[in-house]
Amino acid sequence: MALRLRSSLSKSNFFNILRYNNLGFGTASQTTRHLRTHDPTTLLRVSQNPITRFCNTMAEKLSSVGEHEDANAQVMDFPGGKVAFTPEIKFISESSKERVPCYRVLDDNGQLITNSHFVQVSEEVAVKMYSDMVTLQIMDNIFYEAQRQGRLSFYATTIGEEAINIASAAALSPQDVIFPQYREPGVLLWRGFTLQEFANQCFGNKSDNGKGRQMPVHYGSNKLNYFTVSATIATQLPNAVGAAYSLKMDKKDACAVTYFGDGGSSEGDFHAALNFAAVMEAPVLFICRNNGWAISTPTSDQFRSDGLVVKGRAYGIRSIRVDGNDALAMYSAVHTAREMAITEERPILIEALTYRVGHHSTSDDSTRYRSADEIEWWNKARNPLSRLRTWIESNGWWSDEEESDLRSRIKKEMLEALRVAEKTEKPNLENMFSDVYDVPPLNLREQERQVRQTIKSYPQDYPSDVPL
Amino acid sequence: MSAILQGAGAGAAAALSPFNSIDSNKVVAPSRSSLSVRCKRYIVAGSDDGTNQSFGSSSLVARRSQPLMIPNAVSTTKADTAASSTSSKSGHELLLFEALQEGLEEEMDRDPHVCVMGEDVGHYGGSYKVTKGLADKFGDLRVLDTPICENAFTGMGIGAAMTGLRPVIEGMNMGFLLLAFNQISNNCGMLHYTSGGQFTIPVVIRGPGGVGRQLGAEHSQRLESYFQSIPGIQMVACSTPYNAKGLMKAAIRSENPVILFEHVLLYNLKESIPDEEYICNLEEAEMVRPGEHITILTYSRMRYHVMQAAKTLVNKGYDPEVIDIRSLKPFDLHTIGNSVKKTHRVLIVEECMRTGGIGASLTAAINENFHDYLDAPVMCLSSQDVPTPYAGTLEEWTVVQPAQIVTAVEQLCQ
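First to last, the protein sequences are chains A and B.
Read in full-length UniProt numbering, the first sequence has 174 at position 174, and its numbers run on one by one without any break.
Read in full-length UniProt numbering, the second sequence has 319 at position 319, and its numbers run on one by one without any break.
Keep in mind that the hints were calculated from the coordinates and are not lab data.
Computed from a predicted structure; not experimentally measured.
We put the beta carbon where it would ideally sit given N, CA and C, even for glycine.
Possibly wrong hints are sitting among the right ones.
Some chain A residues close to chain B (C-beta under 10 Å, calculated; not the full set) [as the list claims (entries may be wrong)]:
#1 T228
#2 S246
#3 S434
I would like the entire structure built from these sequences, with the hints used as guidance.
Here's what the structure looks like:
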């Protein structure tokens, strides 16, 4: 039974459906359901009479046959609504002639495209966006090098996707809850996570929010509404729908935002989450970072659709394709999508096209499956930082001097953060057992006692720098 | 002649939660500190002896159930239980699914954050009528009908829990929750830990499981065996209307994720439960019948097979002690341990498969902790390692029958 009767049906059709609503019974799946219990306009189409909740699919057929004379114009009310008939055997093509166009505002050289629509950004926001993108880039490079030097165990860079990270974060409000995959530290950075905090998590020391329990880049911050990264792919998508449902129940002026990659869209959770979000009318933004690669799997081996944007329609979700390396376009798209999601209580799918310049992680060497030239081209010619920089410089908001100042300051801060984090103590042994439950139960306390006893008996086998 | 059960009212004082390993050499006194953090707020209602005892801030226990004997394995006719005496002066009779519904409704009244999600839970009222009437009372948003994707709505419940709601996630059948294993194991069990305690996930995941009457192999699963290793979750199994309501309420109030196992064949059990509000302790086992000769540990539907066997055993002169372990993760080793120390013989009767079931873990835990107190090896009766056949006669023999229990006890008590 169509929920959005107001928007899509003419008045006569509306009353047809209302008429057959009152007859007989059918399956529970056809119940007219309204999720906004206080909306007065629902009074018309939803009766409190339980019988009207069940629809008879037979009744409408008789009345509609009489009404329409032209056989071609006959319509039939199958479960789910009216469909017109056609005597031609026509398959919907698997792809459209042209791919869905991509929204962009700045051209390759960072010049504003004429007649482009975009949400105006103030100097303060634009400069902060650019500075944070630079910070993210430097942070990534330094952490990556630290891993190569053996100081860190693992790292995954966001090189090439800085605009998606920062610009989307800039367009959101601090109350919007974020469910990241693992390549969105920029969102945390924008919200105020310090370089020291990033370093603490990567080193898993006692100042880490996560108390040293997760791998590097699995950040999480309750305070900044950024949910702890769970390594499993796409499991955060249904979580985000649940959070959106919760925000909707509490009538908050906020939405849930979740990020995932082109690879993550193949997971079952992606399809289920989009379907659920549409049915629940949940205010959630699904932002896909289509960066061309899922470790070594190119998108041509990942799906055969025209990217992600066409999948939205299959679930009844409004979608847009954006140039992910264009910070202004990302900002505008996310800003507009957020408005729609909250005021109209609907999910929005945003496909941000970009390129994963770095390797999948420090455990990967992507030159094994793609050419070094390709990587180099995207790093230099299509760099999201340089495009935004050109634009802010053209507005007189940035200069070379500020650039070099920023870079040297961030680099110094980063190296210091690294040094401090490396020196900081690890969390003590008690943290291995706490937070499994709200209160450590006796069996875990007993197991902890056993571990401590073992350490006492064999101190030489136990690292000396981990506090007990 | 029916064996007379005594509600172990005094046992209420032993409110605590000892777990899988205990130093059995010491007398393990009830350790109040382990529960005191959680228990301060709850009202303890007394009804069996008429006096209202409250236990102060450090114990959380419901009054033990009334002298109650359910003589048959599964009581589908109300006449069976009508004969059982219920000595509570005030109280109301209801079926187990109604008790679950009552508990759920009370919690939803009490806390606006509690919500329900699952397939057909809304206007349809739930496949087993546990959520009947709730959608009309609380609205479509709080009793949410979801599309068919267990992983997705479990994930959704987890996300909602991290944002402040307290979802009760219903699996239409426990077996379907195999599809939600990823979310339950990786997110539900782990996120409180990996986030450094920043996010809690107070969900309740519930649904009917176990072998029914010719439901087919896919709908006769015992998920407690698969879930028992997941760190971070608690598992409880209800078996009577009284503990069903009590455990439902306790699970909803718990800050940890709790999986509540119901049984398909127990939904129509009838019992009189107190009118006053009460909660059952999540980590506690229930003393069904005290005895001296042998400890029989069981849970869920098998409790009734054991009680039926107990009738026969009493006639033959045995005095079995029957404990419904109720808490599947963690085990209530305090109650179990005290019983083992008294009787020195243990028989576990479960519905899980032989390999890797709850009984297997419980056997290991008892052997590890109470080896010195055993006069005979721990015996475990469980279902065979086969998918449940559809044919009624075959299905009956995959489940432990009272005759087998009697034989096992006789063997152990030689």
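Verify the interface restraint on A/T228: the C-beta must sit less than 10 Å from at least one C-beta of chain B.
-> With a closest approach of 4 Å, the A/T228 hint holds.
Close enough to count: is the Cβ of A/S434 nearer than 10 Å to one in chain B?
-> At about 7 Å, which falls below the 10 Å cut-off, the nearest Cβ of chain B leaves the hint on A/S434 intact, so it holds.
Satisfaction of the A/S246 interface hint, Cβ to chain B closer than 10 Å = 4 Å, holds
Checked against the numbered hints above, the structure violates none of them.
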